[in-house]
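Asker: For reference, the chains in residue letters:
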Amino acid sequence: MRPVSPVAVLGAECICAAGPTLDTCMESMLQGGHGPASPTLFACEQPEPFPVFEAADFTPGPGEDKYSRTVQLLLHTTRMAFAKAGITPDALEGLRVGVCIGTSVGASLNFLDYYKRQKQNGDLELAAIHTYVRSNPATALARRYGFTGPAQAVVNACSSGTDAIGMGAAWVRQNLCDLVVAGGADELSEISYNGFARLMITSPEQCRPFDKNRKGLNLGEGAGVLLLASERTVAKLRGSVPAQVLGYGTCSDAHHLTAPHPEAFGLERAVNDALAQSGLGCGDIGFINVHGTGTANNDPVEGFLLKKLFKDTPFVATKGYTGHTLGAAGAMEAVLTVAGLEQGILPACHGFSETDPNIGLAPVARATKTSARFALSQSLAFGGNNSAIVLKRGDA
Amino acid sequence: MREMNIKEKLKEVLISDLNLVDVTPEEIRDDEPLFGDDGLGLDSLDAVEIIVIVQKHFGVEIRNMEEGKDALRSLVSLAKFIEERQ
Amino acid sequence: MISLSGMGLAAPFGGLKELRAALDTDAPSAPDHKYRVDTTSLTEFVPARRLRRVDHFTSMTLLAAYRALYDAGYGETLPERMGIVLCTGYGPSETTFDFLDSIIDFGAGCASPLAFSHSVHNIPAAMLAMFLKTPCPCTTLCQLHRPVFTGLLTAQTWLSEERVDTVLLGAVDETTPLLEHTSNQLGRNPVGEGAAFFVLQRQEERTGRTIRLAPAEAPKGLAAREVLQPKVLCGDMPVGAAFALAATAVRVEAGIAAECMEHGALIRVEQA
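Residue numbers (this note's numbering), protein chains in the order written: chain A, 38 to 433; chain B, 66 to 151; chain C, 82 to 353.
Pulled out of the complex, with its shape left as it was, chain A reads as follows (with noise of 0.2 Å):
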């Protein structure tokens, strides 16, 4: 792939379990964060339970009751990521704002409760519904502002919110957009929660990325967003740019539908991509956010890719704090990786302790600084799709 002109990123926030903000989640994830628990949202009826992430300190905004809980979470990290960029809704008129917003339960028919009164013949309240139709991600976020661009909702699962990111960087780039609000959402659901049990891939305690011990993956929920913007629209509106988008790589393995390909081909793609993209090699990388589920599955095949391509580059595993959020993940796990940039600090990898010798890496195991320019976010999805993105630190 041919070089590709920077992006700039003018905000980055996020929301999860460590924190309803990036510079809460930051502080907490540093200070050693807090384990998974077990659901509130919805009862568990698996015979062991499962404890998840859900994200904490959050109420709705007014008037957002109509929405489901993923576009609840969606709107207070967009609203979050314009006030942190001192950016108010009337400085984006006339400009043409793109959504672009990576999701996997937020786009889908979930209609349990509804459905179990339809097989019974029962009343058919249709709110369910309602909530449904409006609640669409991207056109939900782009209604309630108002914004005139593109509004896209990508279903890639697992990869969704990188690859949102990567595509909504090509529509700055392609004159398409002035800004884009970029990123995903996830709110954990019941049908995942039983959909990932059943699978067999959810861990009954903490979740411990690439660790010998590690038991499988406890799911999470929440929202990041990137605010992208083109040159002209940063100088419009005065602002500062903490970190820039550079290359986006994505590639589907052809191999299986639930496992990834054990010598990682669609991941090597989807990095090499993205570096050419970037034009960069794979020793400008300062630091990797790793996807890290801490599945049996996932991790070796991260492993093989970063022994053959970044064997002493440090890598990063959030999600012990995070949980798997699904859609979200590969978004929230960017804005991660913004503020990694910008604070130049990483934070430990949560859960980890023992170096499996079957992988033969090891996460950054306690918080350490780093001066890195650049640094690679990498997603693995279900399906075998592999997405990786490139951000580079704004004032390098």
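What the hints contain is simulated information worked out from the structure, not anything from laboratory work. For every residue, glycine included, the Cβ atom is placed at its ideal position computed from N, Cα and C. Treat the hints with caution; some may be incorrect.
Unchecked claim - Coverage of chain A stretches by chain B, computed from C-beta distances (three or more under 8 Å per stretch; other residues unrestricted):
#, segment
1, 231 to 241
2, 284 to 292
To be verified - Once the Cα atoms are required to be at most 27 Å apart in a straight line, the calculated DSSO-like pairs of lysine-lysine come out as:
#, chain 1, residue 1, chain 2, residue 2
3, B, Lys121, A, Lys252
4, B, Lys121, A, Lys153
5, A, Lys252, B, Lys134
6, B, Lys121, A, Lys156
7, A, Lys249, A, Lys348
Start from chain A and add chains B and C according to the hints.
Answerer: For chains B and C alone, coordinates are given in the frame of chain A:
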């Protein structure tokens, strides 16, 4: 006799629930490996579905893959596992 | 603008040939049965035993995709540096409800992991890549508002940044008894289903056809010359505009000027 019935029922539900087109109960050999190319050719996704099938149709719980590993070797080992726990 | 090198349909009325025939009659009429797509001819492209894991949504996807590739002159050999973009309004709805069925009927402890994994919305596109044996960029978009327009926009973006040289763009929706029931409750038109695929390339690399497409904001006051209300032939579905787009391309190819609209967005179709 009982094991016989379990085996027959197992063949039936595996074919229907895993949608094994082109396979008849008679064609599944008792000691044929369930997974891999020299057997029935099932994969890891079928394995987790079989765990649900066993719970649903026989009321026998396989708590994790570690426990299921030996049981899921072949039709006969799975039938034996079920019989011992029913 | 991007060029359209081939199209393939898996619709309640059949494929592209049946669409052409319907367009030649004065007033295409609705079929007297439910809007359901027959995918049995998928075995012309794939042996039946490889289809054990393939649900109805994915069958429609595969059938329309193979037809589009053949229409564009590809068959056994595929375009190089290809990507897949799939857009949908509801996603794979039948498997979504299959999974809910397994929870409701047997309890969460017996929820089917197989049904769950098939209900994940990017699986049909991933399975298409698997059947074509082509590791490649692959993305799925899911929305009720402008799914086809947005899919086309992403295809265009990928082509112009040279991420890929060819995009296989698909639009797929599937009906289920619950969706029919709900739509009835809401007083909407009968729900339909179908898949439409388009082989798209940068203009300089097109392979024969002379149709160009471009997604664009509709100019104010545009009186679009729309060819077909897809509802009549396929039923009501979020990606209905894909069938209107196919019909528009057929018309334009025959020298009749026409436009395709989706929720106020314009898809320009013209002779190259």
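Asker: Would you check the hint for lysine 121 of chain B and lysine 153 of chain A, treating anything up to 27 Å between C-alpha atoms as holding?
Answerer: Answer holds: lysine 121 of chain B to lysine 153 of chain A is near 20 Å, not above 27 Å.
Asker: Count the residues of the segment 284 to 292 of chain A with a beta-carbon closer than 8 Å to any beta-carbon of chain B: does the count reach three?
Answerer: With 0 residues in contact (Cβ-Cβ under 8 Å with chain B), the coverage given for the segment 284 to 292 of chain A is violated.
Asker: Does the structure keep lysine 252 of chain A and lysine 134 of chain B at a Cα separation of 27 Å or less?
Answerer: holds (16 Å)
Asker: For the pair supplied as a hint, lysine 121 of chain B and lysine 156 of chain A, is the alpha-carbon distance within the 27 Å limit?
Answerer: Between lysine 121 of chain B and lysine 156 of chain A the Cα gap is close to 20 Å, so the pair holds against 27 Å.
Asker: Keeping to a limit of 27 Å between CA atoms, is the pair of lysine 249 of chain A and lysine 348 of chain A held or broken?
Answerer: holds (19 Å)
Asker: Under 8 Å between beta-carbons, do enough residues of the segment 231 to 241 of chain A, three at least, approach chain B for the coverage claim to hold?
Answerer: Holds, because 3 residues of the segment 231 to 241 of chain A bring their Cβ atoms closer than 8 Å to Cβ atoms of chain B.
Asker: Is lysine 121 of chain B close enough to lysine 252 of chain A, meaning Cα to Cα at most 27 Å?
Answerer: holds (25 Å)
Going down the numbered hints, you'll see the structure goes against just number 2.
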